[in-house]
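A.B. asks: Sequence:
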Amino acid sequence: MDFLITVFSFILLIFPLVVIHELGHFLAARLTGTRADVFAVGMGPRLFGWNKITGFTFGNLPETWDGGGHTDYRLCAFPVGGYVKIVGMIDESMDTAHVSGPAQPWEFRAKNAWQKAFMISAGVIMNVILALAIFIGLGVSGQEVIPAKEIAYIEDGSIAQLAGLKQGDIITKVNGIDVRNLADALNRIQFIDSFSDKTLTVDRHGDIKNINLDSYTISKSHIDGFGIYPIAKVLFNSVLTLEPAGKAGIAVGDTVVSIDSIPMYSVIQFQKYVKANSTKELHIRIRRASGEKDFSIVPNSSGKIGVGLDQAFGGEKTTIQYGLMDGISMGFTKIRVMGNGFIHWFQQLFSGGVSVKESTGGVITIAQTAKSGLMAGAYSFFSLMALLSLNLAVLNILPIPVLDGGHLVIIIVEGILRREIS
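Residue numbers (our numbering): 9 to 430.
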C-alpha cells in the first residue's frame, strides 16, 4: 500500500507539469499558424482520442493517418508525461515524413527564427507561469502556520541578529501593518513588497523598538535565510544503534530538553550546536514518558551523533491569508528568489562548492518527496509542485542537445547564419 501511495503521489506531482509544458508548445504552434498532428497526454500506445476527421475513437490510428491540419487529442497508456507532434519539426521523438520536400507554410521549418524560438521556449514559459499561479494561489487561499509570536531562537551571525533582533522579541508590525504571528512577520519581511525597505516594530519585554531593514539586506535573506524561529520541541525520529546516541541509550521519541544546559528550541539550533561542538562531550538532557534523563555523548569522527531529528509545535495551528495584491507580490518574489537560488546553485556547482550527487535526487527521491508532500497537506504538495515546475523550466532551457535549450541554440545560430543547419 505504501508503494502504491508513493507511485500515485509521483504521478500526481509530475504528470501535470509535463502536460502543462507540452501545452505551451502546442498553444505556441497554434498561435504561429503551425500544424500540430498530435497532442498527447501520457506516453505509449493511444488508448482513445478525438479529432475532427475520425471523431472519438479507441486504440491507435492507422500509421498512414493524416489529420490534414487537424489535431488528434489523445490519452496514452502511461501517465508519465505527454508530447506534441509539430509538423516539420525534427527532434529526438518525431519522424521525418514532412521534411522530404519543400517547406510548407504551416510547417515548423517554414517559420522565422522568432516564431521557432517562441514555439521551443513556450513549454518553459508555461512551467514558470504555472509556478507563479500556484504561489499566488497559495498566498490567497491561506497557509496553516504555528501561531507563535515570540522569537525562541535566533541564529548567530544571521541577518536577523545583525539587524538587532534578539531572542524573546515579538515582531508586532512590519511597515506599520499588524502581524499575527512569526510566520506572518517573515512573509511580510521577505516576500511581500520585497523591493522596499522595512521597519519592524518589536516588543522587547514591554519595551517597543523599531528595527530598520534595507531592501538589499532583505534580498540577502532569500539565500542565507533570515534566522529566526518559533519555539518547538526537538525530538528524535530515528536513532542509529551503532552510533554515539544509540550506544548511549537515546531512543526514538525522546524529546530534547537541553544540551550543555542550553535549552533547545529548534532543529536548526540543535544541528548548529552539535556541529560547533563536534569535538567535545555533549551533555544532552531528554524527556520521555518516564521523566527526564541525562546523557553524555561524544560525536563520531564525522561530527555527528547518529540521530534523525524532527520538531513538534504545541497548540492548534492557525491560517494566514493574504489579499490578491499581496498574493501576487509573494508569487513574483518567490519566483525571483528561486531563480536566484538556481543561479547560486550553478555557481556552487561549477566552483566545486557542491556536487551533483549531493544536491540532486533521482526518480525515487522525487517520488518519496512527493509522498511526504501529499501526506503533509495541500499547501506542502502544491509548494513542491511549484518548485519542480521551475526546476523543469530551468532544466529544459539548458543548452543540451535533447532539451528545449539545445534546440533554441540551434535556432539562434540559424538566425545569425540566415540558413538552416543541416
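One or more hints might be untrue.
Derived DEER-like restraints, expressed as beta-carbon distance ranges [as the list claims (entries may be wrong)]:
| id | residue 1 | residue 2 | range |
| --- | --- | --- | --- |
| 1 | GLU428 | GLN355 | 31 to 41 Å |
| 2 | HIS78 | GLY316 | 23 to 33 Å |
| 3 | MET9 | SER204 | 41 to 51 Å |
| 4 | ASN183 | GLY423 | 40 to 50 Å |
| 5 | TYR281 | LEU12 | 38 to 48 Å |
It is worth saying that the hints were derived from the structure and are not from the lab.
Ideal Cβ positions, reconstructed from N, Cα and C, are used throughout, including at glycine.
A.B. asks: Of all the hints numbered above, which does this structure not satisfy? Sort the numbers upward.
C.D. replies: Of the numbered hints, just 2 does not hold.
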